[in-house]
Every structure is written in structure tokens, then in C-alpha cells.
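Chemist: Start from chain A and add chain B according to the hints.
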Amino acid sequence: MASANPVTSEVKPAILDEVNPIALPRPALVENERSFSWITDKICGIVEEKTPTWWWVCFVLACATASFTVMGLVYLVSAGTGVWGLANPANWGWAIVNFVFWIGIGHAGTLISAILCLLRQKWRTSINRAAEAMTIFAVVCAGIFPVFHVGRVWMAWFLFPIPNANAIWPNFRSALLWDVFAVSTYGTVSVLFWYVGLIPDLASVRDRAKNKIRQFLYGLFAMGWRGSNRHWRNYEMCYLLLAGLSTPLVLSVHTIVSFDFAISLLPGWHTTIFPPYFVAGAIFSGFGMVLTLMLPLRAIYRLEDLITQYHIDCMTKIVLATGSMVGYAYAMEFFIAAYGANDFEIFAFVNRAFGNYAWAYWIMISCNVISPQLFWFKKIRQNTAWVWIISIFVNIGMWFERFVIAVTTLTRDWLPSSWGYYSPTIIDIFTYVGTFGVFSVLFLLFLRFLPLMAMAEIKAVTPQADPHKH
Amino acid sequence: MAKQYGLIAKFDSPADIMHAAEKVRDAGYKSWDVITPFPIHGMDPAMGLKRSLVGRFTIVGGTIGLTTGMLMIWFTGASELSLPFMDGYKLIVGGKPFFSPQFAFPVSYELTILFSAFASIGGMFILNRLPRHHHPFLKYKDVAKGTDDSFFLYIENVDPQFDEEKTRSFLDGLSSGEVRELED
Numbered sequence: 001m002a003s004a005n006p007v008t009s010e011v012k013p014a015i016l017d018e019v020n021p022i023a024l025p026r027p028a029l030v031e032n033e034r035s036f037s038w039i040t041d042k043i044c045g046i047v048e049e050k051t052p053t054w055w056w057v058c059f060v061l062a063c064a065t066a067s068f069t070v071m072g073l074v075y076l077v078s079a080g081t082g083v084w085g086l087a088n089p090a091n092w093g094w095a096i097v098n099f100v101f102w103i104g105i106g107h108a109g110t111l112i113s114a115i116l117c118l119l120r121q122k123w124r125t126s127i128n129r130a131a132e133a134m135t136i137f138a139v140v141c142a143g144i145f146p147v148f149h150v151g152r153v154w155m156a157w158f159l160f161p162i163p164n165a166n167a168i169w170p171n172f173r174s175a176l177l178w179d180v181f182a183v184s185t186y187g188t189v190s191v192l193f194w195y196v197g198l199i200p201d202l203a204s205v206r207d208r209a210k211n212k213i214r215q216f217l218y219g220l221f222a223m224g225w226r227g228s229n230r231h232w233r234n235y236e237m238c239y240l241l242l243a244g245l246s247t248p249l250v251l252s253v254h255t256i257v258s259f260d261f262a263i264s265l266l267p268g269w270h271t272t273i274f275p276p277y278f279v280a281g282a283i284f285s286g287f288g289m290v291l292t293l294m295l296p297l298r299a300i301y302r303l304e305d306l307i308t309q310y311h312i313d314c315m316t317k318i319v320l321a322t323g324s325m326v327g328y329a330y331a332m333e334f335f336i337a338a339y340g341a342n343d344f345e346i347f348a349f350v351n352r353a354f355g356n357y358a359w360a361y362w363i364m365i366s367c368n369v370i371s372p373q374l375f376w377f378k379k380i381r382q383n384t385a386w387v388w389i390i391s392i393f394v395n396i397g398m399w400f401e402r403f404v405i406a407v408t409t410l411t412r413d414w415l416p417s418s419w420g421y422y423s424p425t426i427i428d429i430f431t432y433v434g435t436f437g438v439f440s441v442l443f444l445l446f447l448r449f450l451p452l453m454a455m456a457e458i459k460a461v462t463p464q465a466d467p468h469k470h
Numbered sequence: 471m472a473k474q475y476g477l478i479a480k481f482d483s484p485a486d487i488m489h490a491a492e493k494v495r496d497a498g499y500k501s502w503d504v505i506t507p508f509p510i511h512g513m514d515p516a517m518g519l520k521r522s523l524v525g526r527f528t529i530v531g532g533t534i535g536l537t538t539g540m541l542m543i544w545f546t547g548a549s550e551l552s553l554p555f556m557d558g559y560k561l562i563v564g565g566k567p568f569f570s571p572q573f574a575f576p577v578s579y580e581l582t583i584l585f586s587a588f589a590s591i592g593g594m595f596i597l598n599r600l601p602r603h604h605h606p607f608l609k610y611k612d613v614a615k616g617t618d619d620s621f622f623l624y625i626e627n628v629d630p631q632f633d634e635e636k637t638r639s640f641l642d643g644l645s646s647g648e649v650r651e652l653e654d
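From first to last, the protein sequence lines stand for chains A and B. Per our numbering, the very first residue in the first sequence carries number 1; after that it's consecutive. Per our numbering, the very first residue in the second sequence carries number 471; after that it's consecutive.
It is possible that some hints are incorrect.
[Unchecked claim] Result set (DSBU-like, lysine-lysine): computed pairs, CA atoms no more than 30 Å apart in a straight line:
(1) B:K609 with B:K636
(2) B:K636 with A:K42
(3) B:K609 with B:K473
(4) B:K636 with A:K212
(5) A:K317 with A:K379
(6) B:K473 with A:K42
(7) A:K210 with B:K611
(8) B:K609 with A:K212
(9) A:K210 with B:K473
Everything labelled a hint here was simulated from the structure, so no lab data went into it.
Same shape as in the complex, but just chain A:
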């Protein structure tokens, strides 16, 4: 027997004696070396200052716009869902399009607050609060459409398994019922997550309050938070767990929304690519909306030190990535239709691109696939005007995506004698336009009364917050 191999003892454990990764400088998340108290003053100042004139102007305009939705719904309830442009076989029109549009917008908020938290992307801190507010308000707008689409809205509670005199229960095999649970859970968990994040900042506003009423109200919602480290320990664990719970939640919500279509047997809908494709589209549209909202806020409140060029770069790159994924999904749908050699499937897609609604299809392609490609260029990413314009295109494109999916398939069903051309009525248009007012009213109230950035989290990512720095 040979003794122990003499070579092994001399073999080095690694090729290099020592690994020296290049120390790349990390971009500062708060520019101009702002202090902790500067951050507090800046964010609390927005809530504490006298209500600016522009706020009142926007608020009145938003209320006026929101009244469109109210009037549209009043008319719908008094006359019936026929006032929408629904006609057999297109029984899903703008209502489902608007529902999916708004729900999708909400997804970026959860992505920023939950998924980026798990991935330890620290740049999320200055945009997560506003993005989560956007999520909640978008879910509110989304909820309006299916609730009123049921027709007799006073019966909407039948959607939930509540014991009733007729002794009937919902059908749990229906994807539409899954949607009820997914969206209501999503709304609830988003509010909880948002609120937990707000607690330390509400305490800051409470402690700075100059009058008793403010102190009482902010104090009530701050739950007596005092910044104790024994509390932070549980708080941070809770926040991490909520992020971990919200991540599968947000992915499941849009998956289930896509099931509304994918579980049917209609050509163009009955595809397995729908869940990932819908989730990518949702994140894409949501980031579009985050940019649409945050860029004006950054300019109005002079937040350039907190929402830096680096933040905008990160967001535009996500728009570029998800936009390209969506483009890939559009292409893959055509490929599968051709490769699957199913005549009905092939017809559905040729009809999408070259049929009655080709105009909508090409608007979708230009806005969703082509326009974000401009973000490859640094010059474009650094020009806030361009970024803002492209973000608007993304919003438009994603609305058209849902329109194309819903309408092209429904108006060309299995029975050619029922084929037609779906158009919305003025009531459809009013109700939809009004939801932007509803959203704006809620968002403006948020700006006025709650700290729009997570102060405690921003402080924690500044260089001076590192206890090992001397």
C-alpha cells in the first residue's frame, strides 16, 4: 500500500492565493451628503407646509374628472350594463381591459417594495412608499370595473362565500372566483405592507407636530412607535416576512388574472405563456406609471438628491427589460400559433395583426416594444422629459395590449355569423377616464397627509448610517 499521496498536500486550494475583486464605487443613493435631519425636514416638510396652490388646482381638477366615473356608474346602475358597448359575443369590453390595466399598474409597487427588498436593491427606498400608494389606489380603480360589470351591483357580495338565504355557494372551479380572492387578498396585503412601512415615519411626523389634533391623529396611527431597537428587531423581521409573502402574492395575482383568459377555450387566449407574459407586462406598465408619477414629483418638491439619476437609470432599465420580455412574448405567441398548426389559432393571430383591429395591435407594438428600446441610450435615460414621454407611451401601449387580447378574440369567435366590430360607448369612455380622477384624488390626498418617502429606510442606506464607518 502506498502511503498518502504526497502530491495532494502540496496542491493549493485555489488557483489564486488571494481573490481581490475590483472595488467598484457604488453610486450614492442620497446625493450631496445630506444629513439625517435634512431628510426628516425635507419629507416631513411636504406634509407640514401650507397646502400649495398647485395642489388645490390639481385636486379640484381630479375631483371633476372623478365625477365622470360616478356619473357613468350611476347611469349604468339605473339602466343596466347595456349602456356599455357590450354585445354578444363581445361581453367583455372595456371593463375587463380597464380592470387588467389598473391591476397591472399596481404590480410595480409591490415589485419595488417586496421583490427588490428581497434582492437587497437599496435604491428602492426612495420610491417604494409612493409606488405602494400607487398600488393601492390602482387596485381601488381596478375593483370598480368587475364589481359593476356583474350588473346588479347590490348582489356583488354573492362573489364571496357568505351564507345566504338561497343556500348557494360560489363555484370554486371558476377562475373568476379565484380572481375575487386574489385581488381582495392583494389589496388587503398591500395596505398592510404599506401601513407597516409607514409606522416609523408617522412617529416622526407625530413627534414634530405643532398642534394637538395632528399629534393625536398621527400618534394614533403610529401605534406609540418610539424607535426602540427591541422593536426594530421584530419590525424588520415582520417587514422581511411581508416582503417574502408579497412576492409570491404579486406573481400569483397576475397569473390568476391571466387565467381568466387562459382557462377558456378561445383561440388567442388558451395559451400557457399567459401567466409569465401577463406578469412581465404588469411590471412593465407599473414602472411606466411610477415614472409618470415620480418625475413630476421630483421636480415639484426638488427631490433630486433623493431620487437621483441612478434611480431613474434603474427604473428605465427595468422598463427596457420587461418591455423586451413582453415583445418576446408577442413574437412567441405567433411562433406557437404557426408551429402548433392549428387553423383557428393561426387565424386568431393573423387577425390580430392584420384584421379589423390592426390599428390597435400596431399601437401596442410601437408603444410597448419599440419605444422602450430608446432606453438603451444613456442620453435618453438622462433626459427626464424623454423618460417621462416614453413612460406615457408605455401606459398607452399596455392599455392597448389588454384591448387587443380581449377584443380581437371575442369579436371573431367560433360562429362567423356573430362576428362584429366592438366599439365602446360614451359611458365606457367617461367611466374609464374618470378612474384617472379617482386615482389622482387619492394620490393627492396621500401626498398631502402622509410622508411620501420612507424616511427611516432612506436614512438607513446613507453612508453615515453604517456603524463601522468612523
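Modeler: Okay, now just chain B, sitting in the frame of chain A:
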């Protein structure tokens, strides 16, 4: 004269408060706390705190959520049980089985997340003994600094090691600022 609750010292940087916390931990104090405007990375070991227990609430919540979802779907659509105010009703959908975990999964999954989220937040409040609006620190004159840019450390007088003179000089040695009384 209000009753004394403990002694409090102020610190100006995360590094200072962390080193102070390490010394207080090593001195063997038990009833003391650190107030910071944001969570400081590494403060838990510096205070000798173990991992938070919030996760236990989450797993209980999640398990209850999943069970609730599955049982609810089985009861409403696959059983003929009679409960107060509600009866199960065997619902025929396309001749498929009355119950299977597959179609019950999406709803049960959402309920798992919903219940877990409520349990995590409830657990966090229970473990933190919040809401509590009358803690002595909330009456302290510099309370607003604690949620702004300053760091505080206080030792309660109920601590077995607490000694007015010794604790005061101990804190004096840690902090560059003045050591004050925290009133109850």
C-alpha cells in the same frame, strides 16, 4: 417631582451608540434599550438580542389559512354537512369530482398569504407590546430627536444592577453628552 424611570444618554452617531450598547450588554444590564431613528445593522448582536420570533406567528397563520381555504371549498361544494346558518351543497360542475386539491389550490394559496400577513403583523405588535402610547420615552423632552437624527440609550431603574451613582458614571463614560433622568 415625577418618579424616576431610568437614566438616559444621547449619542450622535450609529457607531457611538453601537459601541455603547456593546459595553452595556457586557456590563450585564437586562432592562435597557436603545432608541434609533432607523434600524442599525448589527445592533441586535450588540445588544445581545436573539433572532426575532415573528416567523412563528407567520407559520401558524399560514397553516390556518391553507386549512381554512381547503376546508371551506370542501364544505361548500363537496359536503352536505349542516352547520349553524349554513349547509354544504354538492355542486356539480361539468361532472367533475366535487373536491380536488388542484382546483382548490389558488384560493387556498391566497388565503395562506392573507392569514400569514395578518399573523406576522399581529405577531409583531404582540411581541413589541404595541400599541402603547404612554411609554416614558414618549414624554421625554428630546423625543423628536429620537425619530429624527439622534440615538439614545437608557437603563431602567428596575434593573437589578441599577445603582443611581454607578450607572450614572458608567453612562457618563460612554456618552460625550449629559446623562439625564428619564421620568415615569
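Chemist: Determine which of the earlier numbered hints do not hold for this structure and return their numbers in increasing order.
Modeler: 2, 4 and 6
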